[in-house]
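Q: Residue strings, one per chain:
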Amino acid sequence: MNSKVPLLSIRDLQVSFNTREGLVRAVDGISFDVEHGESIGIVGESGSGKSVMVNAILRLNFATEVIVKGEILFDGVDLLKLSEAEMTRIRGREIAMIFQDPLSALNPFYTVGHQIGEAYLVHHPDASKSEVNRIVLNALDKVGIPEAAKRIKSYPHEFSGGMRQRIVIAIALVNDPKLLIADEPTTALDVTVQAQILDLIQSLREQSDSAVILITHDLGVVAETAQRVMVMYAGRAAESSTVTSLFEAPSHPYTQGLMRSVHSLENSSRGSLKSILGVPPSLINLPGGCAFRPRCSHQLGDQSKCNTDKPELRLVGKSNVACHLPDEIIKSNSVSDV
Amino acid sequence: MLSFVCRRLFFAVILLFVVSAFTYVIFAALPSDPAALTCGKNCRPEVIAQNRVRLGYDKSIPEQYGNFLKGIVSGRTYGAGEGVHCPAPSLGYSFRKHQCVTDLITRTLPVTASVALGAFVLWMLIGIGLGTMAALKRGRWPDRLATGFSVIGISLPTFFIGLLGIMVFVIWTGLLPFPRYEGITADPAKWFMSLILPWFTLAVVSASSYIRLTRNGILEVMNEEFVRLGLAKGLKRRTLIVKYVMRAALLPIVTIAGLDFAALLGGAVITESVFSLPGMGKLSIMAVNDSDLSILVATTLVAATFIVIANALVDILYGFLDPRVRTY
Ligand SMILES: Nc1ncnc2c1ncn2[C@@H]1O[C@H](COP(=O)(O)OP(=O)(O)OP(=O)(O)O)[C@@H](O)[C@H]1O
Ligand SMILES: [Mg+2]
Chain R
1 MNSKVPLLSI
11 RDLQVSFNTR
21 EGLVRAVDGI
31 SFDVEHGESI
41 GIVGESGSGK
51 SVMVNAILRL
61 NFATEVIVKG
71 EILFDGVDLL
81 KLSEAEMTRI
91 RGREIAMIFQ
101 DPLSALNPFY
111 TVGHQIGEAY
121 LVHHPDASKS
131 EVNRIVLNAL
141 DKVGIPEAAK
151 RIKSYPHEFS
161 GGMRQRIVIA
171 IALVNDPKLL
181 IADEPTTALD
191 VTVQAQILDL
201 IQSLREQSDS
211 AVILITHDLG
221 VVAETAQRVM
231 VMYAGRAAES
241 STVTSLFEAP
251 SHPYTQGLMR
261 SVHSLENSSR
271 GSLKSILGVP
281 PSLINLPGGC
291 AFRPRCSHQL
301 GDQSKCNTDK
311 PELRLVGKSN
321 VACHLPDEII
331 KSNSVSDV
Chain D
339 MLSFVCRRLF
349 FAVILLFVVS
359 AFTYVIFAAL
369 PSDPAALTCG
379 KNCRPEVIAQ
389 NRVRLGYDKS
399 IPEQYGNFLK
409 GIVSGRTYGA
419 GEGVHCPAPS
429 LGYSFRKHQC
439 VTDLITRTLP
449 VTASVALGAF
459 VLWMLIGIGL
469 GTMAALKRGR
479 WPDRLATGFS
489 VIGISLPTFF
499 IGLLGIMVFV
509 IWTGLLPFPR
519 YEGITADPAK
529 WFMSLILPWF
539 TLAVVSASSY
549 IRLTRNGILE
559 VMNEEFVRLG
569 LAKGLKRRTL
579 IVKYVMRAAL
589 LPIVTIAGLD
599 FAALLGGAVI
609 TESVFSLPGM
619 GKLSIMAVND
629 SDLSILVATT
639 LVAATFIVIA
649 NALVDILYGF
659 LDPRVRTY
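Chains as they are written, first to last, in our numbering: chain R, 1 to 338; chain D, 339 to 666.
No false leads were mixed into what you were given.
Cut-off 30 angstroms, straight-line C-alpha distance, at most; resulting in silico cross-link-like pairs (DSS-like, lysine-lysine):
1. D/Lys574 with R/Lys69
2. D/Lys408 with D/Lys435
3. R/Lys129 with R/Lys150
4. D/Lys574 with R/Lys81
5. R/Lys4 with R/Lys69
6. R/Lys142 with D/Lys581
7. R/Lys81 with R/Lys310
8. R/Lys81 with D/Lys581
Worth flagging that the hints you see were computed from the coordinates, not collected in a lab.
Construct all of the structure, not just a fragment, from the sequences and the given hints.
A: Okay, structure coming up:
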């Protein structure tokens, strides 16, 4: 594997759904890279297309009405061009995924041991029973399930939510994937368990040097776990930079809003986004121009590019920002506003 | 698990007693006088009174019910003098037909069971097969075909489908002989031929709802998160459909199928009538026409017993199939 090629390179990804109401552009031209062993956070309001985007990476969409365009290069190979059989070999082995709701992510009809073993066995069909057993025990141990040998025959409903999420993580890590995608892995859990699960993902990542894409609503989580971060708005990247620069100098007006809401609500629920006025736009028949325009605190007037062109990411200071504001304004705002 | 099974069976036995008591009381409380039905139109009141005593209808209802139960356990002699003895389990005696009711039932039940079993196998195959096909090809022509079949099957009455079958296959094309029932032991080939039309008639009607149940069940399960995780693990689509989706989707159908089958064992009244099959449904219809309560009590009880047993079996089966229910 050529280490100069990023592990994952997404180029102008577009995902839309044909619905009765019209074409829903859930992901509308996103590009980003994930390096080997890197941890990247993706934040954005509900409905900004985070889940749709990562599901597209593994092509998990059953829906026939979905249209995917662009390139998803994994180790230099475009996943969108692979056959279903080839894709099956990537799923779970090269790229694994953790879902939001551990209560419904496990199959209620099979023991957790069976489900972890199954994940290993699909990619190692010749593995002996004892080998699978050893792997499963080891995986349960690693994710901190006490008395793994006893719990191996338990069914999902016999575990708490936090424990079930640990089992989902065990399933994801059993094949040592190069990339782990965690789609809001802690949203459905209560606060103390959230921290434990994040710590677990963090420490497992350090042990295995998998790359991680972590999706969250919570900027605090990003600060703690990720090296780089991408802020999504209405299916596009609003800003993309290292975590340090994002927190030092949030550049996009939307990111600034997010930060302010974190600061103003520091003591209540973190990451609640109520302090940005307005609501996210409907993704059906989005008007041209900048999708954030109606909620933006800088109104450049009707003649500006904000009304006509979708802003592309460009380097301003240390961040990549998708905004039509002049560089000076972006820079000065990013310092003064926070 | 064992204690769950025992408890469920015990509960079923209790339920059977309750059901039998209710059935008996309800029929006993009917305004018609069973004694008056024992002799013809010009019956003299003395004879009726005499018969009432002979048949035990002069006793209180609980006492009658007690005798009825005793008959089931140890047989019973009906009528005065030498009377007629029906060996255990005796479900009564029909003075209209001059036969022990148990004999009538053991003669008609195999017919009904033949009809029910074949129809059941057929309708499950058609229902689950077409339902699965519809779900997997949602929105495309196999789906429309299956859904169309289901709508037609549900909206046409059973007797119409039966008569249509006779019309097309017997009268117009002559592909099948007119169904004249023959016991399976007497002539298996004739038995089979005579049942093809009844089987299909019942199957078309029942399969229709199973097509929809299966289709919707599968589509619903397909959206479950655990199916998505299965796909994300790298499972092949076929494994996913069979092991993850079908298993979960068909489970609730087991329950309904068990009860539907049991209900059918109580007599496929319309189908048996259309094809003149001498089954329990036909027996019940004739008993209604004759106001023959002794038969009606028995057929109702037998039908109810099937349902109670099926209910218990389905529950137990469910406990084996669904680990979430198993924790008793
Ligand atoms: N199958 C689908 N058909 C039509 N629209 C869809 C479909 N799946 C997702 N969408 C739309 O795509 C948009 C993005 O959804 P997505 O689930 O990616 O949001 P998200 O950023 O993950 O939000 P959340 O934080 O709530 O998980 C939403 O507006 C949603 O309604
Ligand atoms: Mg999501």
